[in-house]
Amino acid sequence: MSQTTQDLPGTGPDGTKKTPAGHSATEPASPARREAKSTTPNLFRLLLRDKFACSGAVVLFVVLLTAAFGPALMGDLATKQNLLFANKAPFNPANGWEYFLGSDSLGRSVLGRLVVATRTTLLVAVPAVAVAMLIGSLWGVWAGYHRGWRENASMRIADVIMSFPSLLLAVVVLYVFSPSIANIVLILALTRIPIYLRTARAESAELQSRTFVDAARTFGARPNAIIVRHVIPVVTPTILTLATLEFCYVMLAESSLSFLGIGIQPPDVSWGLLVSQGRQYLQTAWWLSIFPGLAIVITAISANLLAAWLRIATDPSQRWRLAVPGRKKLITRIPAKESK
Amino acid sequence: MLTYLRKRIVSSALPLVVVIVGVFALARLTGNPASLYLPLNATDQMRADFAARNGLDQPLLVQMADYFGGVLQLDFGTSLRTGESAAAMALRAFPATLQLAATTMVIAIVLAVIVGSWAALKPNGIADRICSFVSMAAASIPDFWLAIVGIWVFAITLGWVPTSGVAGAAAWVLPIGTLVMRPFGALVQVVRGAMVSALAEPYIKLARSKGASQSRVVTRHALRNAAAPALTVAGDLTVGLVNGAVVVETIFGWPGIGKLMIDSILQRDFAVLQACVLLTALAIFVLNIVIDLLYALLDPRVRPASAASRRRAKASRAAVPAQSAPANA
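Protein sequences, first through last, are from chains A and B.
1 is the number of the first residue of the first sequence in full-length UniProt numbering; add one for each residue after it.
1 is the number of the first residue of the second sequence in full-length UniProt numbering; add one for each residue after it.
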């Protein structure tokens with residue numbers, strides 16, 4: 001990542017495009033505009049050319065669709081109890097498709113519960129990442145641009161948050177407020193803000209001494225305008241990549257909290273809670289906790305693959321690796337090698 | 001060295017104090033321990049007595065002043081649950097966590113250096129791609145799930161190891177196997193990335209042209225230069241482990257500080273919780289100093305005298321979580 005930090009600013013001052021994939025940008029006013037013009041159509045095509053990242057994106061898309069429409073289609077299935085079908089083993093077509101992934105001790109379909117849990121899991125992870133990213137990166141960019149006491153104070157606050165036992169925070173919220181999804185989102189967002197804060201601060205502190213920022217300052221642009229027009233566009237790719245990785249982390253963190261009994265509370269279900277509930281039936285019904293865990297692992301790996309690709313794709317000095325024409329071998333190879 | 005220590009203490013003192021005060025206040029927000037420790041039909045008088053006996057009837061500020069007064073005299077209070085000294089309980093649990101953390105990190109580092117360097121020898125080769133995918137998968141598996149699968153396969157189905165406890169060497173296998181995964185996955189990626197860029201440096205060509213053997217080039221020239229980024233990430237990972245691997249300790253019934261912490265949170269055992277937080281914060285403080293010294297040992301350019309610049313360098317490097325370590329070609 002330090003590589004990215006050094007390379008990114010290279011896009012700012014020098015006007016040459018390093019992407020050989022065409023689209024020579026016409027008179028870029030700011031890095032932001034050039035990024036937007038040249039990469040938006042490119043990125044999608046680049047993604048299609050990369051098997052690993054593409055499959056990761058497809059999996060994430062399917063998970064997203066499941067979360068959006070699954071509960072409406074399978075909500076009844078998840079709560080319907082049928083004691084005749086209790087503790088059915090998975091992969092037995094004789095039980096019908098509803099019980100393809102088995103059933104729990106009350107005869108509820110594991111498949112249905114997994115689908116419903118998908119929505120809860122995403123409803124926690126996505127807003128938590130979004131909130132932490134917005135607050136943390138804006139704060140970090142601001143602190144890094146101004147340096148001095150604002151930077152020091154921000155870093156100390158980040159230190160405090162980082163060294164605070166997040167479990168305690170979760171328990172406090174659980175007992176003092178209600179253990180609702182919104183509160184869990186708040187805790188997770190709060191504890192992850194320092195990650196973005198530090199990254200954004202480091203990049204922005206480095207950027208503010210660059211010539212193009214200096215030039216803007218000389219022209220009399222106000223700090224906020226410089227931050228919005230010149231600093232944020234350069235920092236954005238790094239932050240977005242980081243957010244993809246963080247999605248993975250936040251999902252695991254929510255699962256851990258739910259597993260310990262201080263996250264999502266029944267009757268809501270999340271993947272982590274399903275693993276936890278299935279734990280006591282491990283000897284008799286392994287599928288109850290194995291499948292939700294697999295769902296977590298697959299989603300996490302997909303997010304990781306996509307993040308690894310994003311890191312190269314959003315870095316103008318490395319993007320050419322993904323787009324070398326006529327050398328398919330290299331193109332398919334790079335992502336695996338470049339993974340994180 | 002002394003200036004360095006002084007700076008270090010000053011810069012970590014403030015966060016530490018804020019955390020302790022925060023823990024103190026937040027813990028008391030979680031509810032009155034009286035309703036947990038007294039029978040359901042306890043009278044108001046009994047509740048008042050209980051609060052008075054444990055100093056819980058005082059205003060929060062007075063309680064806090066009392067507590068910090070005690071801490072200065074190395075009195076960390078007594079546990080509500082057992083009546084034992086909180087410091088003794090925390091100190092008894094800590095070695096178990098430290099042993100677990102140390103063993104895990106040693107195994108993870110050794111494996112990661114071997115696998116990562118091997119993968120970096122031929123970037124884009126088959127071995128490299130397999131290593132990349134395996135390390136990514138290892139870093140993405142939730143530890144509680146891995147622990148459960150481990151118990152199911154190795155303890156229940158095969159019966160090779162016990163499901164929990166600390167008796168005998170076999171009991172160590174599952175907790176360590178579970179904990180090793182994430183540090184291993186993260187470190188392989190860092191070591192590989194750093195080794196790939198180190199092996200592309202001119203001094204490697206020079207060493208090769210001098211006729212140095214492959215193993216000498218890799219271990220003496222490249223690895224030594226690739227060690228710094230790996231050390232940063234390894235340090236952060238160790239901090240996480242020292243903080244107590246709560247989930248893994250809970251599942252395997254490991255009597256470590258993480259389990260003690262979550263138990264004391266759930267049991268409203270405030271003194272024990274505060275002792276645990278203090279102890280781990282202290283350990284992490286020492287650990288960070290050791291990491292700084294290791295840096296100086298590895299790289300003559302980094303000397304403890306310039307601790308400030310090193311901290312700045314670390315901040316920018318640590319700004320990025322373990323997984324997204326340098327991935328240069």
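For the record, the hints were derived by calculation from the structure and aren't laboratory data.
Treat the hints loosely; a few may be bogus.
[As the list claims (entries may be wrong)] Quick partial rundown of chain B residues pointing at chain A, CB under 8 Å, derived from the structure:
(1) Ile9
(2) Ala13
(3) Leu91
(4) Pro95
(5) Val134
(6) Ile141
(7) Leu282
(8) Ala283
[Claimed, not checked] Derived contacts from chain B toward chain A, CB cut-off under 8 Å, selection only:
(9) Ile20
(10) Val21
(11) Leu26
(12) Asn32
(13) Ala34
(14) Leu36
(15) Leu38
(16) Pro142
(17) Ile148
(18) Trp152
(19) Ala170
(20) Ala171
(21) Val246
If you're wondering where the values come from, they're calculated on a predicted model, not measured in any experiment.
Where a beta carbon is used, it is the ideal one built from N, C-alpha and C, also for glycine.
Less than 8 Å between beta-carbons is the criterion; does Ala171 of chain B satisfy it with respect to chain A? The hint is violated - Ala171 of chain B has no Cβ within 8 Å of chain A, the shortest such distance being about 18 Å.
Under 8 Å is the threshold here; is the Cβ of Leu26 of chain B close enough to any Cβ of chain A for the hint to stand? holds, 5 Å
For the restraint on Asn32 of chain B, tell me whether the closest CB of chain A is nearer than 8 Å. Violated: closest Cβ of chain A sits about 11 Å from Asn32 of chain B, beyond 8 Å.
Agreement of hint Ala170 of chain B with chain A interface, Cβ distance less than 8 Å: violated, 19 Å
Can Leu36 of chain B be said to touch chain A, with a Cβ gap under 8 Å? violated, 11 Å
Closer than 8 Å between Cβ atoms is the bar; does Ala34 of chain B clear it against chain A? Give me holds or violated. violated, 15 Å
Holds or violated: the hint that Val21 of chain B contacts chain A, with Cβ atoms closer than 8 Å. violated, 10 Å
Does the nearest C-beta of chain A fall within a distance shorter than 8 Å of the C-beta of Leu38 of chain B? violated, 18 Å
Closer than 8 Å between Cβ atoms is the bar; does Val134 of chain B clear it against chain A? Give me holds or violated. For Val134 of chain B, the interface hint is violated, since the closest Cβ of chain A sits about 10 Å away, which is over 8 Å.
With chain A as the partner, please determine if Pro142 of chain B meets the hint condition of a C-beta pair closer than 8 Å. It holds, given that the least Cβ distance between Pro142 of chain B and chain A is near 5 Å, below 8 Å.
Next item in the hint list is Leu282 of chain B. Is there a CB on chain A closer than 8 Å to its CB? violated, 12 Å
Could you check if Ile9 of chain B really has its C-beta closer than 8 Å to a C-beta on chain A? violated, 14 Å
In summary, the structure is inconsistent with hints 1, 2, 3, 4, 5, 7, 8, 9, 10, 12, 13, 14, 15, 19, 20 from the numbered list given earlier, while agreeing with the others.
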